[in-house]
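Let the sequences and hints guide you as you build the complete structure.
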Amino acid sequence: MGNAASATTAAALDALASVTGPASLQLDDETWQPLLAVSTPLSRWSEEELQATIRPYCGDLVYHNCQTYNLQRLIVLLCRKLEGASKRGADVAVANLLCLLRILLQDLMEHLTPAQLQAFLSWPAPGSPHKVAVERDAQEEEQTPVEQQLVGACLRALVARNDPAASAGEYLTQLHLLQLLLVMLSTQLYCQDLDEQGLELPLLAAVLEQSEVDPVSVVETLLRLVIVGPQAPLGLRLFLPTDTRAILRAVRAAASSLVWLPMSAFSFLLRRQPAAPGQSPLGLHACLLLLTLCFHALPGEGAEGALTVRTPGPYRLALHGLRDADDAEATAAAAEDGRGALGRGPRASFPALFACLTREPVAPPETALLLYLVLHDGGDFRGYCLARTDPEALLLPLLGALQREDAGRGDRGAVYVLLTLLLAFSSDAGWAAALHRVWLEATPPWLKGRARAKQPLGSLALSVLLRSAHASVARHGDAFLQTNTLAVLANLAPHVTGLTSEAAQRLVSLLALLARRWRRLAADAAGLTTMAAAVGNPATAADGTPEATSLAVSESTSAAAAESAQLAHDFLRMALESASAVLERALPANPALVYALLHRGELFEGLPRDDPGLRVPLANILAVIDHFTRALARSLGEGAAALDAGTVMAAIRHDSRAWRGDRLQRGADLHFAYEEGLQAHSFFVPCVWARVVAASSLSWDLDAISLFTPEGAAVEDGHEAHWTSEEAEGQVPTVVVAP
Numbered sequence: 001m002g003n004a005a006s007a008t009t010a011a012a013l014d015a016l017a018s019v020t021g022p023a024s025l026q027l028d029d030e031t032w033q034p035l036l037a038v039s040t041p042l043s044r045w046s047e048e049e050l051q052a053t054i055r056p057y058c059g060d061l062v063y064h065n066c067q068t069y070n071l072q073r074l075i076v077l078l079c080r081k082l083e084g085a086s087k088r089g090a091d092v093a094v095a096n097l098l099c100l101l102r103i104l105l106q107d108l109m110e111h112l113t114p115a116q117l118q119a120f121l122s123w124p125a126p127g128s129p130h131k132v133a134v135e136r137d138a139q140e141e142e143q144t145p146v147e148q149q150l151v152g153a154c155l156r157a158l159v160a161r162n163d164p165a166a167s168a169g170e171y172l173t174q175l176h177l178l179q180l181l182l183v184m185l186s187t188q189l190y191c192q193d194l195d196e197q198g199l200e201l202p203l204l205a206a207v208l209e210q211s212e213v214d215p216v217s218v219v220e221t222l223l224r225l226v227i228v229g230p231q232a233p234l235g236l237r238l239f240l241p242t243d244t245r246a247i248l249r250a251v252r253a254a255a256s257s258l259v260w261l262p263m264s265a266f267s268f269l270l271r272r273q274p275a276a277p278g279q280s281p282l283g284l285h286a287c288l289l290l291l292t293l294c295f296h297a298l299p300g301e302g303a304e305g306a307l308t309v310r311t312p313g314p315y316r317l318a319l320h321g322l323r324d325a326d327d328a329e330a331t332a333a334a335a336e337d338g339r340g341a342l343g344r345g346p347r348a349s350f351p352a353l354f355a356c357l358t359r360e361p362v363a364p365p366e367t368a369l370l371l372y373l374v375l376h377d378g379g380d381f382r383g384y385c386l387a388r389t390d391p392e393a394l395l396l397p398l399l400g401a402l403q404r405e406d407a408g409r410g411d412r413g414a415v416y417v418l419l420t421l422l423l424a425f426s427s428d429a430g431w432a433a434a435l436h437r438v439w440l441e442a443t444p445p446w447l448k449g450r451a452r453a454k455q456p457l458g459s460l461a462l463s464v465l466l467r468s469a470h471a472s473v474a475r476h477g478d479a480f481l482q483t484n485t486l487a488v489l490a491n492l493a494p495h496v497t498g499l500t501s502e503a504a505q506r507l508v509s510l511l512a513l514l515a516r517r518w519r520r521l522a523a524d525a526a527g528l529t530t531m532a533a534a535v536g537n538p539a540t541a542a543d544g545t546p547e548a549t550s551l552a553v554s555e556s557t558s559a560a561a562a563e564s565a566q567l568a569h570d571f572l573r574m575a576l577e578s579a580s581a582v583l584e585r586a587l588p589a590n591p592a593l594v595y596a597l598l599h600r601g602e603l604f605e606g607l608p609r610d611d612p613g614l615r616v617p618l619a620n621i622l623a624v625i626d627h628f629t630r631a632l633a634r635s636l637g638e639g640a641a642a643l644d645a646g647t648v649m650a651a652i653r654h655d656s657r658a659w660r661g662d663r664l665q666r667g668a669d670l671h672f673a674y675e676e677g678l679q680a681h682s683f684f685v686p687c688v689w690a691r692v693v694a695a696s697s698l699s700w701d702l703d704a705i706s707l708f709t710p711e712g713a714a715v716e717d718g719h720e721a722h723w724t725s726e727e728a729e730g731q732v733p734t735v736v737v738a739p
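All the letters of the sequence shown, read from the start, carry residue numbers 1 to 739 under the numbering used here.
I should point out that these hints are in silico values taken from the structure, not numbers from a laboratory.
No experiment lies behind these values; they were computed from the predicted model shown.
Glycine is no exception: its CB is placed at the ideal position from the N, C-alpha and C atoms.
Derived DMTMM-like pairs (lysine to aspartate or glutamate); straight-line CA-CA distance at most 20 Å: (1) 87 x 163; (2) 454 x 392; (3) 454 x 390; (4) 81 x 91; (5) 81 x 163; (6) 81 x 28; (7) 81 x 30; (8) 448 x 406; (9) 81 x 29; (10) 448 x 360; (11) 87 x 212; (12) 454 x 502; (13) 448 x 502; (14) 448 x 392; (15) 454 x 441; (16) 81 x 212.
Pair ranges (Cβ atoms, derived): (17) 80 x 231: 27 to 33 Å; (18) 160 x 447: 44 to 50 Å; (19) 433 x 212: 47 to 53 Å; (20) 298 x 671: 29 to 35 Å; (21) 658 x 519: 32 to 38 Å; (22) 349 x 605: 56 to 62 Å.
Here it is, written out as structure tokens:
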């Protein structure tokens, strides 16, 4: 770093000290100029080093700003700079100012309550001794609350930038606009109860209530950034994690360096799932901002039962009208209706959006969340996805992500989203049937070391789903994971053809696991019921006195055990009905399933044949086992049990040709669909913010976060923790049976 740059940054630090000090600076004071004119992009420095340089001044700002109101003036100056940049083009100095304000606001949010922050950002009240000094230079700006000025200026500047890669200044300004807006929304992070927040969070409320910029324009701009994913222009040096030690040495060697341009889109702290290496920082932060804007729900007019009713915010409502920009007919129809070129909703190229969402071999969590958002609320985009003839393009990244989560520690929030997406797609019978007509020529890259021959896409999907279901039963005992996985399995089962040996074995293995679990829970429930009855009606000894009972079992414990047993029974029934549906509709096309059932035939002998829920599917499975056992004995003789698998499979295929489907009873046609619950925001808002904290290039005080427990935060037992389903228990999306 040259001496000129060091002198510039040293002067900027002196100006920052003056701004946060006891002197009240008028808007035309020359003291502001070094702070507003730093034009050297120091983007090679990390976000941590940046915050370490600026945050020490925040304490002085908190102490003095109630008399100086310099923070309000800084915001006014920034708004003026942004207005000028919209006309003349942005430079690095504007980006520096955005970054400075973002760090100051982030520190204030971490240490002030919402009420304190609101008071901190307000102009002096009438009659205040500071009123006259403020009125001398901020009469016009004072008429509008400073947070509303800031939000309006940021959103206007955001939608006005058409080519962020035109220059380093434009690129950095766009990036820091996105980061500043994310920080303004992050007041949610420091509140535990979403239902008590309402619109009392000042900066969040300003973003949601603003009326200067059409939410449609904001959503369209963010979608465009996500789709295009602009890369940094040539010549802009970005901070890379591998350069950390060398950069820190350079920083320590500099006299006083104000590092204002962080550009890392990679890991910044303890992070288990970094952003995709090739992902654009602008595209990533635009995606995160779009998610936070759309998933925030507004308080409703009343309550339904014990649940607080929430209404979609303005940005999610805007997304409802999403239209394909490449659809000339829709555009012409909108023009005829008098809706103009934009129409009533944002426009985006559906093919380009689809390509963006399927770009990575394994879908990142933020991509899965965005896919959920545009499927659930994105106008005609769901129909576009279902109408495509390449379901593998969308399904393989989702399956890869599900495989990744199950193979690691498993972020159950991410698994919930993935299973919800699979449920939404599988509820369409045409899409479910198409999976089994597509054959994969090559093994997906996320199946490392497990190369397979050509196989149906549907079999691969079932194999990954069954693996996830087995893990959820064996490790988590999570009812939502099991319900959603089995619901997807039930939707796919009627269309299964060409089931591979691996998928068939996984299905039978899951049946065995569910059967064992149900037997154990049913036995426990029966024992607890018996003991509860014994406690309520103690036996009488020979001398006429009640016998002492050492074990007291409450009715609530017995009821909970019975409920767990019933839930396990329902899961077993769903899995048996799925296996039976495959046999009823396409037994000759699935000899691998017949082989797996014959191999584990003893499993089904111990299940009660007179159970009302299990009777039909169990009878069908036993009928298949009995038929093919006798058929193999006739065709292969008494030594059939000692033959190799290939010979037995060939005999099963041969005997399947004479199979008649009317030998089996027709089971219930189960069909599951997804419906977003009344409190879905209680799941999605923490889930989205967990991803913002993990994937953005911003540095967060993890111990200050109250909305969820982030990975890397201090916890009581000394171990790291991360957001899990227990923090949103009972608030996950809803599965319903379609009529």
